[in-house]
Structure formats: C-alpha cells, structure tokens
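Chains as they are written, first to last, in our numbering: chain A, 52 to 399; chain B, 895 to 1169.
Rather than coming from a laboratory, the hints here were simulated on the basis of the structure.
Everything hinted at is true.
Reference excerpt, derived from the structure (chain A facing chain B, CB under 10 Å, subset only):
no., residue
1, Gln201
2, Gly270
3, Glu273
4, Gly274
5, Ala277
6, Ala280
Here are the computed lysine-lysine pairs in the DSS-like style, where the Cα-Cα straight-line distance is at most 25 Å:
no., chain 1, residue 1, chain 2, residue 2
7, B, Lys1011, A, Lys288
8, A, Lys145, A, Lys133
9, B, Lys948, B, Lys1114
10, B, Lys1103, B, Lys1011
11, A, Lys392, A, Lys288
12, A, Lys145, A, Lys155
13, A, Lys392, A, Lys269
14, A, Lys265, B, Lys1011
15, A, Lys102, A, Lys357
16, B, Lys1011, B, Lys948
17, A, Lys288, B, Lys1044
18, A, Lys288, B, Lys1035
19, B, Lys1114, B, Lys943
20, A, Lys152, A, Lys133
21, B, Lys1011, A, Lys282
22, A, Lys357, A, Lys99
23, B, Lys948, B, Lys1103
24, B, Lys1011, A, Lys269
Built from N, CA and C at the ideal position, the CB exists for glycine as well.
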Amino acid sequence: MSPSTRHEFQSRPSAARRWESAALWLFRTATYVILICGALVFGNIVFKGSKTVFTTTAPFINVPFFTEAPESLYVFDYQGQKREMGDREFRAFKATHPEAKDIKAESYVYSAGGIFPCIVGTVLLVLGSMIIALTLGVSAAVYLSEYAKQGRAVTLIRLAILNLAGVPSIVFGLFGLGLFVIYLDWNVSLLAGWFTLAFMVLPVVITASEESLKAVPKGFREGSLALGATKWQTIRKNVLPYALPGILTSSILGIARVAGETAPIMFTAAYVVRDKLPWEGLTSVSDFFFQGVMALPYHIYVVSSKIPQNEYTERVQYGTAFVFLVIVALIATCSIVLRNKLRNRYKW
Amino acid sequence: MDIKPSFTSPTSGRSIPVTPSPVGSTLIDIDHVDFFYGASQALHDINLKIEEKKVTAFIGPSGCGKSTLLRCLNRMNDLIDGTRVANGQIKIRGIDIYDPSVDVIELRKRVGMVFQKSNPFPKSIYENITYGLRLQGRSNKSDLDAVVEKSLRGAALWDEVKDRLHSSGLGLSGGQQQRLCIARAIAVEPEVILMDEPCSALDPIATVKVEELIQELRTKFTIVIVTHNMQQAARCSDKTAFFYMGKLIEFADTRAIFMNPANAQTEAYVSGRFG
Ligand SMILES: Nc1ncnc2c1ncn2[C@@H]1O[C@H](COP(=O)(O)OP(=O)(O)OP(=O)(O)O)[C@@H](O)[C@H]1O
Ligand SMILES: [Mg+2]
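Could you put the whole structure together from the sequences, leaning on the hints where they help?
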C-alpha cells in the first residue's frame, strides 16, 4: 500500500487532536521556562560567585575568603599603581612604608577579608535550631498521632500547626523579638535565634513526623503491644526507628530552607559585624548561648542593601551567596544520604 | 479466698508462676459479655468457657464478632477509642481481666496473639524472637540464644532459618513469617495463644505446616483460633464456637458441631449453605 492511499486508520484533523498538541505545547513551554529561570538564577550566582571563591593560581580556592573575617577594603594609588588592600594589610603596609602614611585611600566596608564568622554562625544556628525543632516536633507528633484521642481538639491543633506554616518569616522574627529578645530578656543571641528558627520549622517537622509515623504499619504496633510492651516501649523500639528516615529528611530539608531566611534572625540572633568568634572570650558556658552571631543570609542582606554599592561589594555579595548555596545543597545531600542509609536498614 | 493472680502484680518484677491446672478445666470464663464499639453493639451476651490446654475454634460468617471477642481476651480492643465491655466479665483463672487492678502488660504477656496478617518486625529473625524478652529486661546472651532456638523449634522453623538468624524476618516466605510470629509469641511463654485467622494469607502447604504446629502447641498452650476454614476448625480444634450476628449460637465439642449440630443455623453454616 502506497502512503498516499487512504486507509482505515487514516489520521484526520480533529478538535481533540488540536487540543492535544496545544496542551503538550503549553506543558513543555512551562517546563522550559522554569528550567531557564532556574539556570539563570544559579548561573548568575555561580558565575559571579566563583570569581570570588575560586582563584586562577594554586590552590584555586580563595582560602582567605573562607577563613577570615570581613574587613574594609582600601583602594589607593601608590607610586602610580592602583593597590587594593584589606584593613589589616593596609595598616601593616602603612607601618612598613612611612611614606605612605598620609596616603588618601578610598574605603569600602566589608569588601575585603572573608566570611568565616558568617559560616560559623549559620552552622551554629542550623544545628541548634535543628536539635530544638526535632525534640519539640517529634515529641508533639508522637503525642498527637500516638497518644492523643483523635477528635475535634486534635484536628484543631493540627489545623493550627498547618496555619503556622503559612505565617510569613518576618512575623516569626517579630515574635522572636517580642518573646525571646525582649520579654525573656535573652537579647540578640544564639538562643533567641535557635528558638525563633525552630518555631518556624516546627510545622514542617510535626507534619513530616506525623506522616512518617502514620506510614508505619499498624501491625508493628499491635504485634509489639501483644507481646506485653508498653506504649512507649512500642513507640521507641518498633515505631520511631522506622519513621526516623522520613522525619529526618523532611526536617533537615525544612531547616535548610529556614536557615536561609534573613527575617527571623535579623532581630533575634544576627549581628551586622562581630569581631569575636563564638568561642572566643567566653567567661562562662551561658555566655555561649547569649551571644549574637554573624550569619550568611544576614550578611548577604547587609552587603547588598545596607552599605553603599560599588564594584567591590559585588564580590562579597555573590561570593557569599555562592558559598551559601553550596552549604544548603550540602545539607540537603546529607539528609538524603542519611535517609537512604536508614531506609535500607529498616525496610518492610 | 485470696488468690493474687500473677498479672495483677507488676511490682514484684518477675511474675509469680501460676500453678497449672489439669487439662480441660476452665481457664477463661467469658461470662455474659456485651461489647460495644462506641454506640454499636458487636457482642451480645456471650457466655463461653475456654478450657485449659485445648484448642478452641471460633467460626462464623464475616462480621459476626469473632475477632472482637478474641481481642477482648488480651484487651487489644483497648487500643480502639470508645470500646467497652458493657456487661459481664471475662475471667482468667477466676480473675476479671477488666478489673482496674489488672495490669494489661502482664495480661498480654500471659495471653499472646498471632495476627491474621503476619507482622514480623523489620528486624532480624533473632531480634524478632527476643523482642518480648528484652522488654522484660532479659539480655543475657546465652539465655536469649537458648530461647530463640527453643521457640523456633517450637514453631517448627528452626531447621529452615538456623543459618540466617541474623537476616531480616521480612526475607522469609509468607508461611515462614507466620510461623516466626508464632515463635515470637511463644518465646515469652504465654499460657494462652490467640490466633486470628493465622492461615488466611497462606498457601495450602504453609497452612498444613501451621496446622501441624498447632497440634504440637496444644500440649503446652491453650489455643483459641479464629478461622473461616471449616476443615481447619474440624481438623485442629477440640471445641468449636459458632457465632452469628454478635451472638454465640452454639458451643460444643468440635465433633458435635460438625457431625450433629443442635442448632439449625449452625448446621446451615458448617454445611456451607450460608456465610
Ligand atoms: N474498630 C471498629 N469500630 C467499629 N466497629 C467495628 C470495629 N471493628 C469491628 N467492628 C464491627 O464489629 C462487628 C464484628 O466485627 P469483627 O471484626 O469482630 O468480625 P469477624 O467475625 O472477625 O469478621 P471477619 O471474619 O470478617 O474477620 C462488625 O459488625 C464490625 O463492623
Ligand atoms: Mg476477624
């Protein structure tokens, strides 16, 4: 049969066919648009950030950027040459070059040095709020789904928790300011930041935990209780271990998201700049908890909006953003690896 | 008379051994029991005596309350909100198990259960068996090893799994999983084993193995088994109770139930004419 002859299955244009191709076109375009936006965002940050983070000479990574504190950048002409120096370097330079003593240099805040204190601060904030959120969240989830009598009250509580997830981060920030910083008088401190961040992820942790607990077959609970286990023994030995992979993954991802928020920490935990690292100059253990820290998202905010912009600030902005992206990606990867490990141990 | 049953005294740590009574004496006395799920009554005036070291079968059409009654015997129904035994008493060796002084934990150690859907824990075979013992604080390795072997032998599973005690219980076949659950139940040395349709998910060969196992277990344990399989009830049990719509219709020797039932409904059911 030649292709030109008409036959039983001859294709004909029809409305359904036209809708089919239109729908396909729409879906495909939407996907590509998203891809392009994503690529632009990441590409921009990676491209500009890598100029700060990587170097062309060995060891190819801008080590001081990771290990030093932010300082002011000084730009000046010296013997006809344009020189750029960080604060400390500039002072040392002036000390060794007496003729440069009265040199007129332009200074740009935070544009030299590195972001080590911010990395440390963010890591501390993430760890602390994770511990608090997991403890509170998992306990609450266990209570809600294993102990509490299911009914209207519990449904209301769940609803309230879900609503909490929709509260804007700035509101959490103000809440933290009001409750922890002012009322409890914790000042701008790690502790206040931990609790504010923890409260913000609690909805995620509780919802994820409840879901993971529900996914554990009822038979495991009944089997355990029928052997003479108490409820808590059952939960601890025969329910929580199997729910843990799910709980951890979602919670850690939730924390990673929240760790990127500026609003909740800007009133509660973050300092624009702090000379001491969190473990320096402590006179007692409680000092550790009641100190403010620098943090990556807040640092990005500060260098992008709080200081005069110029060609030098871009380096810090994008460098910090890039490092921050990498850290968040690392946390997410860790949580997924952890989940897969745990999941392989307990499979049913 | 002032007999303190072992399951009412959790304070003493280890349970007081109960003196075994002769085969055939009443172990569980279900005395005019009404049972409710919330507002709906699932059991009406059940009156039944389960004898020591005998196999008692519960039969009846779906929804007639067999599982409900079985789950009353180790108070598994407590887990469901709104359930209650409204009237009557369930007594084990004369002690009302719904009395406030009764410790449910102790009770469940005495009255083990095997579920319809086999539910080995996603742990190793060894850990599955020792689960109940560890709950009681037993952690001596050689003690546990001995119990594992004894229980697995008791459940006719030892030869099949002795080389892979530390691999997952979920790696076993359906029938082996169910026997693992039986082994897990007998490891804590209960007096009574409740079995809710233990073979309903098994193929015929696995079913035969479990039935043979029940024949061996009957010498040591009092067994109550719910089944939909008439032949199984006829083959395995000494006594059979026929339920219909939440009522106990007839309770007698298995032979009598199947050969010449007193009640017309029983006859219709066992001969396969309804249900
Ligand atoms: N959790 C529950 N809540 C409310 N009603 C229930 C519940 N479980 C069982 N019932 C009701 O109690 C009655 C007896 O149920 P039960 O499970 O004891 O029947 P069964 O004889 O075991 O049936 P099957 O042979 O299908 O297992 C049924 O009418 C059932 O709908
Ligand atoms: Mg049933």
